[in-house]
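Enquirer: Those sequence lines, one after another, are chains A and B. Be aware that the first sequence starts at 1, since it is given in full-length UniProt numbering, and climbs by one per residue. Be aware that the second sequence starts at 1, since it is given in full-length UniProt numbering, and climbs by one per residue.
Since the hints were derived computationally from the structure, they do not count as laboratory data. Treat the hints with care, as some may be off.
Simulated DEER-style distance windows between Cβ atoms [what the hints assert, rightly or not]:
| # | chain 1 | residue 1 | chain 2 | residue 2 | range |
| --- | --- | --- | --- | --- | --- |
| 1 | A | L151 | B | H57 | 52 to 60 Å |
| 2 | A | S116 | B | W116 | 39 to 47 Å |
| 3 | B | E145 | A | L181 | 22 to 30 Å |
| 4 | A | L151 | B | P69 | 36 to 44 Å |
| 5 | B | A135 | A | A56 | 52 to 60 Å |
Every residue gets a Cβ at the ideal spot worked out from N, C-alpha and C, and that includes glycine.
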Amino acid sequence: MTDILQLLIYGLVLGSVLTMGAIGVSMIFGILRFAHFAHGDFMTLGAYLGLSFISAFGLSSWWALPAAMVGMGVIAVFIDQVLYRRIRRTQPVILLIASFGMALILRSLVQLIWGSDNQTYASGIQFPWQLDWLGGMRLKPDHLWIMLISLALVAGVHLFLTRTRLGKAMRAMSDNMDLALVSGIPAERVIMVTWVIGGALAAAAGVFLGIDTRLHPVMGWTTLLPVFAAAILGGIGRPYGAIAGGMIIGVSMEMSTLLIPAAYKPAVAFAIMVGMLILRPQGIFKGTV
Amino acid sequence: MIRIDNVSKAFGGLQAVRGVSFEVAQGSITGLIGPNGAGKSTLFNIVAGLFPPSSGHVLLDDQDITGLPPHKLFHRGLVRTFQIPHEFSRMTVRENLMVVPPGQSGENLFKTWLRWGKVRQQDGEVLERVDDVLAFLEITHVADELAGNLSGGQKKLLDLGRTMMTDAKMVLLDEPGAGVNRTLLGKIREAILRLNRERGYTFCVIEHDMDLISALCDPVHVMANGELIASGSMETLRQNEEVREAYLGGGASGRMGEETPRQHSTDEGASS
Numbered sequence: 001m002t003d004i005l006q007l008l009i010y011g012l013v014l015g016s017v018l019t020m021g022a023i024g025v026s027m028i029f030g031i032l033r034f035a036h037f038a039h040g041d042f043m044t045l046g047a048y049l050g051l052s053f054i055s056a057f058g059l060s061s062w063w064a065l066p067a068a069m070v071g072m073g074v075i076a077v078f079i080d081q082v083l084y085r086r087i088r089r090t091q092p093v094i095l096l097i098a099s100f101g102m103a104l105i106l107r108s109l110v111q112l113i114w115g116s117d118n119q120t121y122a123s124g125i126q127f128p129w130q131l132d133w134l135g136g137m138r139l140k141p142d143h144l145w146i147m148l149i150s151l152a153l154v155a156g157v158h159l160f161l162t163r164t165r166l167g168k169a170m171r172a173m174s175d176n177m178d179l180a181l182v183s184g185i186p187a188e189r190v191i192m193v194t195w196v197i198g199g200a201l202a203a204a205a206g207v208f209l210g211i212d213t214r215l216h217p218v219m220g221w222t223t224l225l226p227v228f229a230a231a232i233l234g235g236i237g238r239p240y241g242a243i244a245g246g247m248i249i250g251v252s253m254e255m256s257t258l259l260i261p262a263a264y265k266p267a268v269a270f271a272i273m274v275g276m277l278i279l280r281p282q283g284i285f286k287g288t289v
Numbered sequence: 001m002i003r004i005d006n007v008s009k010a011f012g013g014l015q016a017v018r019g020v021s022f023e024v025a026q027g028s029i030t031g032l033i034g035p036n037g038a039g040k041s042t043l044f045n046i047v048a049g050l051f052p053p054s055s056g057h058v059l060l061d062d063q064d065i066t067g068l069p070p071h072k073l074f075h076r077g078l079v080r081t082f083q084i085p086h087e088f089s090r091m092t093v094r095e096n097l098m099v100v101p102p103g104q105s106g107e108n109l110f111k112t113w114l115r116w117g118k119v120r121q122q123d124g125e126v127l128e129r130v131d132d133v134l135a136f137l138e139i140t141h142v143a144d145e146l147a148g149n150l151s152g153g154q155k156k157l158l159d160l161g162r163t164m165m166t167d168a169k170m171v172l173l174d175e176p177g178a179g180v181n182r183t184l185l186g187k188i189r190e191a192i193l194r195l196n197r198e199r200g201y202t203f204c205v206i207e208h209d210m211d212l213i214s215a216l217c218d219p220v221h222v223m224a225n226g227e228l229i230a231s232g233s234m235e236t237l238r239q240n241e242e243v244r245e246a247y248l249g250g251g252a253s254g255r256m257g258e259e260t261p262r263q264h265s266t267d268e269g270a271s272s
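Isolated chain A, as found in the complex:
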């Protein structure tokens, strides 16, 4: 029982990482209609930006988060303006391939600047709290923070989408693009904000992953598959679906280690994605917001 609870915690931590990535993938798909393959490398680059920031100023590891989010928000808009905006009027498949190329560029860039070895935000071992009232389950403070900050970011995205003019405009654009264009919605601005939020959340995912494990130039790329699985599971183009999808995939991946070797964790995400595409390709949250 304690094992299951322990895995549930790990699952929720992984789910938080996936959710942060999947919200961005889902939003970008909703507005721009293409699967953004460079999203995993946005996560990587964000994590490394955070690393440089804290080592430059000698700060503790959590300071990586705000720095990475701001940095990636700016870089995402820059990449959109330089690359994606110019080919936005072509077919989505061209954007998809271009984003694949961007993924390779970013990964090489990370290797060039930071090298291809493993790195960590903070060395040393963090002692977990032992929760005797939960059968001696262990909880690392970092894990608790990852979950709490994810929750706060999700709440922030929710407030943004429902309360602000730009959030409403964003939902309108992903709902009915034709109508949005003829009813006064500032499309270019909405696209820009989509990249800011997508980039910042990807950076958060990268930093969470870096804090939970380590930094590596392919850390984001290997996480991309479960991120897509989460976005598809929740119904692509639906940020709220991405939250549910992220948590389900994360928990399933960790729970699967009870039955099969841990090396197959990504295969679990893949299996869920394939199953979902066959049984219910529109995702869980079709038709609701």
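Put chain B on the given structure of chain A with help from the hints.
Expert: Only chain B this time, still in chain A's reference frame:
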């Protein structure tokens, strides 16, 4: 207000519109009728900026707007509705209207956070306007319903409402009566008339329902086979031999319009 000047449009070998010219006068409700395939919708789409004409010009207030994309036309006060009503189906009716007014200060990401008070106040103004529009169209009772759940007729009203959220000068209505039941049709007609009289909107209307056309429009332009074949009030058009032929074919007698079948009279849910 709008001048359509010798506009033609060909799709491959098909000549959909051939050299059509007419004007929509300021403050008028101008009708555009004709049998299916006459080229009305193509002409409409050209004016609304969906695609450019093969030749000819469209002028709005003496300025050439030929080929401008829809969102630019929106900012010049030219708004359209669609034959099949469009809505943001996963947003409430109120939100559907709230997103319309352009240039809200909430569009600026920094102001959203830093000038909270101002954005708040402007949101309040927009909400007030939304309430006015909802009351005007008598759809206040569905304000918090998801727009996707509305009936076809209510969606048409919402479409009209959307044009009221901006300072539209010129509104293109593509079959406002299609797929709407009798009761709602009356409401839509009243709304159009009131918008025209009380707020000075200029309308150009495509419609198959001759009752609605005669109640609303003067003048009416008739198209057939891509050409403009007649113009005038509905009364004079009813006497026009060519118009009757275009509609009924082969010199049939009888009064035009009243025998035109209303294919889509009561199927309110047809388009939803």
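Enquirer: Which of the numbered hints above does this structure break?
Expert: none
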